[in-house]
Amino acid sequence: MILYLSTIILLIVISPLLLSFITQIKMFITFKKPISIFQGYRNFSKLMSKETIISEETSAVTRVAPFLILSPLLIVLFLLPPIVKGAYYVSFVDAFTITGLISLSTFFLMLLGLDSASSFGGMGSSREAFISALVEPAMILTVFSVSMMAGNLGIGQAGVNLASSFPQKHMASFLFSAISFFILLIAENGRIPVDNPQTHLEVTMIHEAMILDITGVYLAIVEMASSIKFIIFASLFASLFMPFGLQFSIPVALVIFIAKLLIICIAIALLEIGTAKLRLFKVPNLLGISIVFAFLSLITFYVLGA
Amino acid sequence: MFLFDTLSAVFTVLILLGIVPNLFYSFGYLPHIKRKTHYLIHYFGFILSMIGVVISANALVFLFFWELMSLTSWQLILTEPKDKENLFAARFYFFMTHLGFVCLLLFFLIISNGDINQSFSALKAIASHFAYPTLLFFFLIFGLLSKAGAVPLHVWLPYAHPQAPSPVSALMSGVMLKIALYGLFRFLFDILYPWPLQWGVVILIIGAISSLVGVLYALSEHDIKALLANHSIENIGIILIAFGMGMIFDTLHLPLLSAFAFIAALFHIFNHMSFKSLLFMGAGSVLHQTNTKNMEKYGGLIKTMPITAITFLIAAISISALPPSNGFLSEWMIFQSLLSSSHINIMTLKLTIPFAIFALALTGGLAIACFVKAYGITFLGLHRSTNAKHATEVNSLMKIGMILMALVVISLMLLAPIYIHYFSNTLVSLGKADVYHKIFPHGIWQMHSVGINGGVVSPLILLIALLGITFLLIFAYKALHVKERIYKTWACGYRTSSRTQYSSTGFAGPIRRFFTWLYKPQEHLNTEKVKGHNTIFTSSHYAVHVKPLFEVSLYTSLVRLTNITSYWVYRFAHFEQRRYVAIIFNLLLMVLFSYRIFSHQFSWATFAIETVVMIITIKILVIGDKK
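Listed in order, the protein sequences are those of chains S and P. Residues are numbered in the numbering used here as their position in the first sequence, beginning at 1, plus a constant of 264. Residues are numbered in the numbering used here as their position in the second sequence, beginning at 1, plus a constant of 555.
Keep in mind that the hints were calculated from the coordinates and are not lab data. The C-beta atom is built at its ideal place from N, Cα and C for all residues, glycine as well. Any given hint could be a false lead.
[To be verified] In silico SDA-like links for lysine to any residue, alpha-carbon gap of 20 Å or less:
#, chain 1, residue 1, chain 2, residue 2
1, P, Lys-1033, S, Leu-560
2, P, Lys-905, S, Leu-560
3, P, Lys-1038, S, Val-328
4, P, Lys-858, S, Val-328
5, P, Lys-905, S, Met-312
6, P, Lys-1102, P, Asn-641
[To be verified] Where chain S lies over chain P, by a calculated footprint (3+ residues, C-beta under 8 Å):
#, segment
7, 905-913
8, 933-942
9, 1025-1036
10, 1061-1072
Please model the entire structure based on the sequences and the hints provided.
The structure is reproduced here in C-alpha cells:
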C-alpha cells in the first residue's frame, strides 16, 4: 500500500518535469538556450503566490470547475497499472471508466471556457468538443483490443498480464493498437500536430483558449491537471505498450519506468519538431487513422489471431 | 382483462417515478396554459392510458389504451394551437402513430386468428404455428418503434416534442417512448420467443444507427427542445443496442450475458426516463421564463435561475454518460455486454460488433459535446437577449418538480444495486437467468461484468472519491486564503458583449463542417455592404438550416413517388375507349407471345421479333402521338 501511494505521489511530482523536458529537447534541437527542467515547478509556485482574478461575467462554475477538472484525473492516477513489482494496484477498472473520468474532466474544462463569456473560451471549447468527441471511440476500441490480448478488461490487470507473459503471437495487432494509442496520446494532450501548447494565437489554440481567462491558483490547478493528464497517458503507454521491466527490483524497475517515460517524451519532442500543426479540419483525418488502426488491430486479432 | 405481473410492475414503477415529479411541475406550469380543462382532461387521460397499456392482459385492451395514449398525447400537442408549425407537428405525429397502430393491429390480427379478445398467453400457440414469424417480427417492431422513435421512424419526434407544453414533452419523451419498449419486452419475450439470430442483429443495427443519427442532429439544433427530442432518438438507440445484444446472446445460448444485456436495457430505460424528464423540465422552465425556444437568445441564466441550472447540470452529466452518474452505469453495462462479444463463435458477428462499439463510443463523445453546448450556451456567459436578462427563477411547484426528478436521478445512481436486483428478478420471471449475484458478487461496492475477465466498476467508491478529492481541493484552496479580485473578462483589449460570445451555431460549427455530407446545411448570408466597398458592411445576417436527411430522402421522396404514381393512375383511368381496346389487344399479344416461354419453346430470335412487335404496337396504339 505504501508503494502504491508513493508511486502515485511520484507520478504527481514528476509530471511537470516531463512537459518541461519536452520543451527542453525542442529548444535544444532548435539551437535555443534550453529552459530549466524545473520550469514547471517555477511556474506553479509563481501562480500559487499570485492573486486570483475572477471575471465579473462568470458564475459559480468558474469557482468550482478547476477542482472538478483536477479531481477525476487524480482518481485516474489511482487506477493505473503498477510500475514496480509488489505494489498494490486496482486491477479491475476498465477503459470505459478511465475514459469517462477523463471526459468528466474535459467536460468541466469546456464549461469553464464558456463561462467567462469571452469569444476565445467558446472557440476553445468548441474545438475541444470536436476533437474529444472523435478521440473517444478510438480510445475505447484501442484499449479494448489491448485488453483482449492481455486477457483482461481491467487496465491494471492487463498491464500486469502483458508484463508477465507478453503475447508474442499477437505482435501485429499489438503494434497496430500501439500506433493508434500514440496518436491518441498526442491528440488528448494537445501536442503538435493537433494543438500547440506554446501558442497564444487565436487561429490555432485549443487548450490555451479555454483557460485564457483564469489566473493565479486556478490556473495553477488547471496546468497541473494538464500535466497529470499527460503523465496518465504516458504511463498508460509505458505500461501497456512497453510491457517490460516490471520483474526487476524496485529501484531498477523505477529507473526503467522513468526511462520509458523519457523515451515517450523524446518521441513527442522529435515529432513536434518535425511536423507543423495541422489545420483544425485536418485533425479528424489523423484521428481517423487512429480509429482505423484500432479496427485493424481488432480485426487482425480476431481473424488472423496475429 | 388486466394482468399485473413483474414486467408490468417494473413499468408501472417507471411511470410512477416519471409522473409524480411531473404532476408538481405540471401544476406549476398550469397558470400559463389557456385551455386548462382541455389540458387537464388529456393530461390525466394520458397518464391513465399509459398505465392501462402496461397492465392490459389482452390485445383488445392493449390496443384500446395504446390508441387512447396516442390520441391524448396528440391533443396535448395541440394544447396551444398557435401557428402552422404546431398543426403540422400534430398532424405528422397523428399520422406516424397511426401507421404504427395499423402495423400493431395487423400483428395482433394475425397472431390471434382474428379474435383479439384472447389473453396474451393464448396467442403464443397461434403465433408459433404461423409460417412467417419474421413478418410478425417486422409488423411488431414497425408498430412499436414508430412510437419509440427509432430510425427511420423517428422523424416526428423533433417536431412533436417541442410543440407540446413542457411537462407533456417530459412525459412523452421520458415515459411514453418507454411504453413502446415495454411492448418489445412483452411481445418478444412472451409471444415470439425463439428468436432467430437475425432479429437481434436487426435490432442492434437499428439501435446503432439511431444513436448516431439522434446525436448528430441534436448537435445541429438550436431549438433547445428539439435538441432534447433528438437526444431521445439517441437514447432509444442505445437501449436498442442493449436489447439487440441481449437477443443475440440469447439465441447463441449465452444466458448470463443475455440477462446482463437486458438488465442494461432496462436500467437505461429508467435512467433515460429520469434525466430526459429532468432536462425537459429544465428546458421548459427556461422557455417559460424567456418565451423563446431559440438557444441563441439564452445565456447567463445560471445567475438568475440557480435551481434550474443545477438540476439541468446533474441531468446533463448523466445523459453524457460521465462517471459516476447513473447514465454512465447503464452505458458501462451496455459497453461490457458489447465487449463480451469475444465469447461469440460466429466470425462475421464478432467483426460487426466493434462497429456497434464504435457507434456507441462516438455517440458518447458527441453527446458530451452536445450537452456542453446546451448547458454552456443556455446557462453560462452573458445574457444574449433582453428576455434572458429579465428571466427569474420559476415558481416553487415547478422547482419542487425539478428537485424531485433530480432526486430520482440521484437515487438511480446511489441505489443502483437495488434497482438492478429488481430488474434481475423481473428477467427471472420472464425465464431468463438470474445474474444479480454475478453482477454484485462481493456486496454493493463493486459492479462486475458477467463476461469472462470482464471489467468492474465501483460507482459508490468513484462518487465518494470524486466528492472527497474535490472537497479536499476546495478546502485546501480556502485554507490558502488566496486574494481574489473581480475584474472584467480579458478579451484582448476589446469589450466582451453578448454579441462576441460563441453562439450555439458557432459552437457546433466544427462538427457541422466535418459532417457536411450528412447535414447538407443550407447557409444563408445576407450582407449589406457600404457602397463601393467589398469588405465594409453595415449589417450582416447569417443563418444555417439543417434539414434531416431521413426526412428529405425517405419521406419526401415517398411523397413524390406517390404523386407520380397517382398521376399515372389518373392518366390510365382517363383514357378514351379506343386506348382501352388497344391495351387489351396488347395484353392479348403478350399472353400469346409468352406462351412460348411457358411451353419451353423459347428462342432469342423470336423473342427479339416479338419484343419489337410489342414495342411498336404499344407505341402506336397505346401511347399514340404526343400532343
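Any hints from earlier that this structure breaks? Give me their numbers in increasing order, please. Violated hints (numbers, rising): 1, 5; every other hint is consistent with the structure.
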